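Below, each chain spelled out in residue letters.
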Amino acid sequence: MRPPVIFQTTPFFSSSGDRRLNTLAKHFLQTESENNRNMSTSPTSSHGDSVFAHLVLAPEDPILGVTLAYNKDPSPVKLNLGVGAYRTEEGKPLVLNVVRRVEQELVSNPARNKEYLPITGVADFNKLSAQLIFGADSPAIQESRVTTVQCLSGTGSLRVGGEFLAKHYHQRNIYLPKPTWGNHPKVFTLAGLTVQTYRYYAPATRGLDFQGLMEDLGAAPSGSVILLHACAHNPTGVDPTAEQWEEIRKLIRSKALLPFFDSAYQGFASGSLDKDAQPVRSFVADGGELLVAQSYAKNMGLYGERVGALSIVCKSADVASKVESQLKLVIRPMYSNPPIHGATIVAAVLKDSDLFNEWTIELKEMADRIISMRQQLFDALHARGTPGDWSHIIKQIGMFTFTGLNSEQVSFMTREYHIYMTSDGRISMAGLSSKTVPHLADAIHAAVTKAV
Amino acid sequence: MAVRNSLSGQLLRRSSVVAGARFMSSWFRSIEPAPKDPILGVTEAFLADQSPNKVNVGVGAYRDDNGKPVVLECVREAERRIAGSQFMEYLPIGGSIKMVEESLKLAYGENSEFIKDKRIGAVQALSGTGACRLFAAFQHRFHPNSQIYIPVPTWANHHNIWRDAGVPMKTFRYYHPETRGLDFSGLMEDIKNAPDGSFFLLHACAHNPTGVDPSEEQWREISSLIKIKGHFPFFDMAYQGFASGDPERDAKAIRIFLEDGHLIGLAQSYAKNMGLYGQRVGCLSVLCEDEKQAVAVKSQLQLLARPMYSNPPVHGALIVSTVLGDPELKNLWLKEVKVMADRIIGMRATLRENLEKLGSPLPWQHITNQIGMFCYSGLTPEQVDRMTNEFHIYMTRNGRISMAGLNTGNVGYVANAIHEVTKSA
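These protein sequences, in sequence, are chains W and B.
Just so you know, the working numbering puts 513 at position 124 of the first sequence, and the rest follows in order with no gaps.
Just so you know, the working numbering puts 422 at position 398 of the second sequence, and the rest follows in order with no gaps.
Isolated chain W (complex conformation) (with noise of 0.2 Å):
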């Protein structure tokens, strides 16, 4: 996967360039024949070039450059459907209340200080989100077999996980469901494990492949890591039912292959944060292994701040704590240990039950608007008489709507109604309002129905 090693020779034209060389060339008259031998075997000294002349310029992340390209575009009626980032009726960002609250508070209090947070992150923090995934009645808290770390948000759970399973588990595969996030294969091979797909999306009927993904889960090797989407598959929308969800369980745990969650929208899909945590707690009720990445960068609103954490949950105890003091030596040469600001803020708020309970009516807040503009985006097309089924609108769940758009008729609808979205058709609900429903309508209708 790297990019060639391009060895160029760049002419050295540039005023600074003769300067360098003029203050090169000193050295040279000193030791001629020593620099002499020194410059032909060096691929890296030759004239003062750079080390990393060779480099390419690398493509713009898929999906954060929509959001670049949008920034860019001067249209009154853009719209941005690209990064899964809440937006209010009114088209604007949200900080949630409950965070604005707990924010005064930091900042007006003068006993709170910055100091290091420890390699494991806020401990309260860590408790609490525990008991958010896992209830706070689950077996494997009361009986410390979880392990919990503060990481910088889903991402570098993700990371820190895959790290340490590279590190010591024996087994190098994890299977991805296809599509899934965009970061997922470069995170996991960066941490040095090998990219597995299993079928989940159908196209056909912008549903579940629940049996290729069965067939699949079948067929992979006994111990692999299977990464499972906890509730709002990103960017399909798609998720498995409950019944669904109990006969994937009693495959893996019948294959020993190892579950590992990405939990970036409890709460956000449901609006509920129990009903949403139900695959995972189900999992956990077992009593087998797995892990999980929670990220708080949806349901509190805190996506800058990096918040998220990584439990694992063992057999015993004594594992757990072992787990812990190796998942240490993964952070600390990684960023040494998390930042305090964003988990501060959600230890606060889960901790304080007025608090939580506001947090809990906010949430659904915005979990119902989304709800709300997949009703009215499917209305929409349904008035419009757009061709197609277009009924995945509602049945799908979570931020995101794979639309079923290919990529040209996303670029048309760019071109044509300035609407960015992620080139495979997923669009973020979370980025409508009812005033720019419409144009959305009118852009999949027109991309749809025009001769691409």
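Among the clues, some could well be false.
[To be verified] No farther apart than 25 Å at their CA atoms in a straight line, the calculated lysine to any residue pairs in the SDA-like style are these:
#1 Lys467(W) x His167(B)
#2 Lys60(B) x Ser714(W)
#3 Lys316(B) x Arg279(B)
#4 Lys575(W) x His167(B)
#5 Lys516(W) x Ser611(W)
#6 Lys461(W) x Lys316(B)
#7 Lys122(B) x Arg489(W)
#8 Lys575(W) x His164(B)
#9 Lys92(B) x Ser659(W)
Rather than coming from a laboratory, the hints here were simulated on the basis of the structure.
What you are looking at is a predicted structure, and each value in this text was computed from that prediction instead of being measured.
Given chain W, put chain B in place with the hints provided.
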């Protein structure tokens, strides 16, 4: 049943298909408990100690004369301005552009031609650790056969960082135990003997853990030799402003290298000099031949950051850009960083005076010759253990003392303890 029978013998013992996973043993049961981090483990032990006399001179976090952590006034003011007014949207992968701009000005010079010519590829990083790790990963990707030369000794985590990035390490001589100063001739010899085009890790100022820095003249010679050899100089600058009290002065080594035409790499941290430890704010920069290359380098650094943490945390970056971007706040910061540096310089003098007054038979000039947060005391691991066990003084076993942990209230006690464990040495 068939599924179970088809598994290997080991798995056969482990699984019970029908109930699920209840009777399986752990996948992780063979994991060994990891050793405690040698630096951060010291503070843990300190916190657990009940003694009223305990002193923590372990981790390098500044303390005021009352032994309390400090949040700078300029930082508090910046936070007041930020709170309630900012959305918490994702930063770009490369972080806060404003913070990076200010960081480059601080390191390369306010009017640096390299900044004007846009020749620096730079991204916000997770403090110094994150900047080093990102560079190590970058080095591994684009120079997969290279190694990194690190000084002996160096910050313990440097080893872990380059190791986990897959870059083998070699060492160069640095500290001279006999003089408790710089082994300059050893250093120069090792630079000369390294294959051309090697990567060298240099501490820009206030070397950690020894506090021993090359003089300006020595830096010039190091720069010339590195130039001849075509080595790549990577600077870790965690203490700009904190060493002498003057950020411009502390950047001298870097400026010398820049004048000499080196294309450097640089890790900057705001943990100590702005007291932002837990916020994890830093900057990684690579000086390139031209703007096009700088853009390419930045884009490649982003490709490495995205699968590590996607984008860096916003809060700390906002604090830094607010402080450095406002002339009044920046002046306040310069004053406050000088206060911290001066207190430490004062503690060095006091500790040395006390030891000499106690009639210690050993030489202690190195305490005031060394610079920055740390003093390499020369204590042996056994002597360090005595310091901890008999006197409840916590430090790392290499004899490194964090001067910031000393204050007028405890310096006498610590001097006495050092004297006790060394007087028969």
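Checklist entry - Are the Cα atoms of Lys316(B) and Arg279(B) separated by 25 Å or less? => result Holds, because 23 Å separates the two Cα atoms, which is no more than 25 Å.
Next on the checklist: Holds or violated: Lys122(B) and Arg489(W), Cα atoms, limit 25 Å.
Outcome noted: holds (24 Å)
Next on the checklist: Against the 25 Å threshold, does the CA-CA distance of Lys461(W) and Lys316(B) hold or violate the hint?
Outcome noted: holds (21 Å)
Next on the checklist: Run the distance test for Lys575(W) versus His167(B): straight-line Cα separation, threshold 25 Å.
Outcome noted: holds (20 Å)
Next on the checklist: Tell me if the straight-line CA distance from Lys92(B) to Ser659(W) falls inside 25 Å.
Outcome noted: Violated. Lys92(B) to Ser659(W) sits at ~46 Å, over the 25 Å cutoff.
Checklist entry - Would the pair Lys516(W) and Ser611(W) pass a check requiring their Cα atoms to be no farther apart than 25 Å? => result violated (32 Å)
Next on the checklist: Lys575(W) and His164(B) were given as a pair; does the straight-line alpha-carbon distance stay at or below 25 Å?
Outcome noted: holds (16 Å)
Checklist entry - Lys467(W) and His167(B): Cα distance at most 25 Å? => result Distance of about 42 Å is beyond 25 Å: violated.
Item to check | Pairwise hint evaluation, Ser714(W) against Lys60(B), where the allowed Cα distance is 25 Å at most | outcome: At roughly 8 Å apart (the allowed maximum being 25 Å), Ser714(W) and Lys60(B) satisfy the hint.
The structure does not agree with the numbered hints 1, 5, 9 stated previously, though it agrees with the rest.
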